[in-house]
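Asks: Sequence:
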Amino acid sequence: EVVQCNNNTDQGRKAEDMPLDVLMKIFLLMSNKDLINGISRVCRSWRMACADPCFSKKIDFAVTQSYSIQIPQPPYVWVSERSDKELMQLLCFSLVLSRRDTTCLVFHINLYLKDDHLSYVAERSPHLQQLVLPAWNRISTSCINKAISKWKYLYSLTIPCIRDHRSVLMEIDKNCANFKQLKIMGGPLDISFASSITHFLPKLKVLSLRCSVLYEEAVNHIVENMNQLEALNISHCLFVRKLPSGREVSVSTPDKSILVKASRLLDFYTCWDQSCFLCRRMRIDKGDLRWYKCEKDLWRTDEVTSLSY
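All letters in the sequence shown, in the order written, are residues 1 to 309 by full-length UniProt numbering.
It is possible that part of the hints are untrue.
Said to hold, decoys possible - Capping the alpha-carbon separation at 27 Å, the derived lysine-lysine pairs in DSSO-like fashion look like this:
1) K85 / K174
2) K58 / K152
3) K261 / K242
4) K58 / K174
5) K114 / K203
6) K57 / K205
7) K174 / K205
8) K205 / K58
9) K150 / K85
10) K58 / K146
11) K203 / K152
12) K256 / K242
13) K205 / K152
14) K146 / K203
15) K203 / K261
16) K114 / K150
17) K296 / K57
18) K205 / K256
19) K203 / K58
20) K152 / K174
21) K293 / K261
22) K242 / K286
23) K296 / K114
24) K242 / K296
25) K150 / K58
26) K286 / K256
27) K180 / K150
Since the hints were made in silico from the structure, they are not lab data.
Please read all numbers here as calculations on a predicted model, not as lab measurements.
Could you build the full structure based on these sequences and the hints that come with them?
Replies: If you want it as structure tokens, here you go:
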């Protein structure tokens with residue numbers, strides 16, 4: 001049954017005059033996209049409610065995806081111009097509502113920001129502490145470095161396995177004195193990447209590498225050299241072992257000596273169970289996990305609770 005609303009001035013006043021605590025309880029049930037695109041535009045009091053710190057501190061774009069097509073050449077994804085424009089509108093409106101007070105931003109794994117988007121975000125989120133940005137296909141290294149230079153309070157970052165890791169981690173080391181948590185998605189994470197982590201982030205407390213391809217020597221380097229590390233997650237990973245001959249082979253579990261060294265950590269998370277869905281999916285996809293074949297939002301979970309969004 002469809003109920004028709006009588007849009008007269010009395011009912012309009014009732015909507016605008018609803019108590020703030022009632023509005024807040026209702027709005028907490030809504031997605032961030034609904035708050036921005038619809039609810040905040042109803043009337044002044046609703047817009048003010050949407051600007052409350054309980055909404056603006058954490059802005060979650062994880063229900064927003066780009067209209068995209070995978071392509072064989074860099075950046076390996078094509079995104080429609082309309083999708084880019086809609087994303088910019090969403091960013092503009094949400095960050096205006098936040099009044100530069102946002103401390104946590106979460107972007108979907110299939111939301112492909114480009115330099116213009118990230119630059120806008122960086123300018124309007126100077127107090128950012130946590131960033132989940134797993135898709136960097138269309139973002140240049142110079143742009144991400146410039147953004148990081150503005151985030152002096154950043155302490156947690158979720159990123160893909162990137163080629164220019166040395167430059168990015170150096171920027172974090174220079175600008176983010178409180179940086180403590182890093183999550184890397186994908187891989188392969190080799191000894192070069194591991195060396196950059198230990199060199200530029202020696203005070204790192206939490207490192208999650210779940211659902212990635214990891215070189216054994218890289219994991220060994222991390223557990224041997226990161227003395228302040230408290231939590232390491234290598235669940236649902238595939239491992240690459242280098243033989244004395246130089247040949248590389250895939251193995252399902254890392255060498256026992258690595259596990260012994262990692263046991264000193266306060267929290268050490270592992271999973272290579274044959275019955276585990278993610279472990280099985282990693283083997284089927286040969287390390288390049290197809291998240292679209294997994295349960296919705298599984299990509300944003302983590303055994304480390306502080307990295308699960």
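Asks: Which hint numbers doesn't this structure obey?
Replies: Numbers 1, 5, 21 and 24 - these are the hints that the structure violates, sorted from lowest upward.
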